[in-house]
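2 protein chains.
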Amino acid sequence: VRVVNTKGQQVVDTWAFNAADLNEFMSMEHSRVAIGRIIPGVGDRLVTNKRRPILTLIEDTSGGIHDTLFAACDRWRYELLGAQGYHDNCTDNLAAGMKALGLVPPETPAPLNLFMNIPVLDGNRVEARPPVSTPGSYVTLRAEMDCVIAFSACPQDMSRSTGRRCARPRRMSRCWINGDIHLPDRALAANSPSPQPSPRKRGEGVVWELP
Amino acid sequence: VRVVNTKGQQVVDTWAFNAADLNEFMSMEHSRVAIGRIIPGVGDRLVTNKRRPILTLIEDTSGGIHDTLFAACDRWRYELLGAQGYHDNCTDNLAAGMKALGLVPPETPAPLNLFMNIPVLDGNRVEARPPVSTPGSYVTLRAEMDCVIAFSACPQDMSRSTGRRCARPRRMSRCWINGDIHLPDRALAANSPSPQPSPRKRGEGVVWELP
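Quick mapping for you: the protein sequence lines, in order, are chains A and B. 1 is the number of the first residue of the first sequence in the numbering used here; add one for each residue after it. 1 is the number of the first residue of the second sequence in the numbering used here; add one for each residue after it.
Careful: at least some of the hints might be erroneous.
Treat identical chains as interchangeable: a pair holds within one or across any two.
Claimed, not checked - Only pairs whose alpha carbons sit at most 20 Å apart, straight line, appear in this in silico SDA-like list of lysine to any residue:
| id | residue 1 | residue 2 |
| --- | --- | --- |
| 1 | K50 | E107 |
| 2 | K50 | P106 |
| 3 | K50 | D122 |
| 4 | K50 | T108 |
| 5 | K99 | N117 |
| 6 | K7 | E107 |
| 7 | K50 | P105 |
| 8 | K50 | M145 |
| 9 | K50 | P135 |
| 10 | K7 | P135 |
| 11 | K99 | D146 |
| 12 | K99 | G136 |
| 13 | K50 | A83 |
| 14 | K50 | H87 |
| 15 | K7 | E144 |
| 16 | K99 | P53 |
| 17 | K99 | N124 |
| 18 | K50 | D92 |
| 19 | K50 | E79 |
| 20 | K7 | N117 |
| 21 | K50 | E24 |
| 22 | K7 | L103 |
| 23 | K7 | R129 |
| 24 | K99 | E59 |
| 25 | K50 | S137 |
Derived by calculation from the structure, the hints in this document are not laboratory data.
Bound-form chain A, shown alone:
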């Protein structure tokens, strides 16, 4: 599946579950051990909590900066940031998207945050910075087992990356092995899929899956 960062600045929380057993899923803490890095590069095989390959990063034109360190945002995160009332978040997006498929994720695993830029400074400090990905750049992931892949375009608009990560589309389905997903940036939009990858206004569809 190819994930295209149409406008360049969208962060995409990504999960993958073994379709035959949702209790086996892509795990960042196991993947870091497997690949010996905190940021996967082309050729790296992300593994499950049973140490089996589930997704391989086979192409990356985005500058190669992604994150495996930060949890998916959730309602508690936005409450702490001062949000009034409910705020869309990636954790609920995962649950809702899975529910739409008739599935219940066993937990919210730490996600692969595509295009997210969290450098480790001085070997310890972490800092949220704007993505380095450019408009139209993309990442291609190859499934290594039959799996359910979930994406949530992060609706974070209250952190230090404010204004850079303000879209909130999501799209979930069984593995797209050959499909592309285009992710508009800065689009506040509803979650229904759309055949159009162009920028959206609030309430319009925001993701696009090629045949």
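Start from chain A and add chain B according to the hints.
Same frame as chain A, but now just chain B:
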């Protein structure tokens, strides 16, 4: 609770669960966001998957090097490393220790690996190195809610840190707020508690809890 690295080289996988709701537990991916670092320092409050403080690191004489990046070892890890037959591992230690308390952890959260030395090199590469902790050095954690704390002295003896992390004690109970736990190094020992903190041979008790 104070965890004393009696001989200095033992890694200790550490978990904490809300005693009133095991589905809430200390989360490394949420804690990194909260503290802005990958290695907690004195004064840092580790948080749960609901972003609430659960443990605060209040003392650390070990050199301040711990790990939040690597998964607990498990049987698949040792299989990949070539282990013949079953190998003790921290994941099973957690489950067994919780079971002894009549509890079932909802999952195996990424652990706080006390004394484990996994530097991030060049902002990306991770490498297992021997602990920097010295004999008798310790870490003191303060519980911020009623919680179940689990420790597993890591039985890893097949990785690059071979010979440095070869004990396999474990000790689990409801929060020790005032207790000390002494962890012998290089002791291959059974898992029963012992009143003696001195080095152990295989089959002897390996951990010690002060009154």
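Hint numbers not upheld by this structure, sorted from lowest to highest: 3, 5, 6, 9, 12, 15, 16, 17, 22, 24, 25
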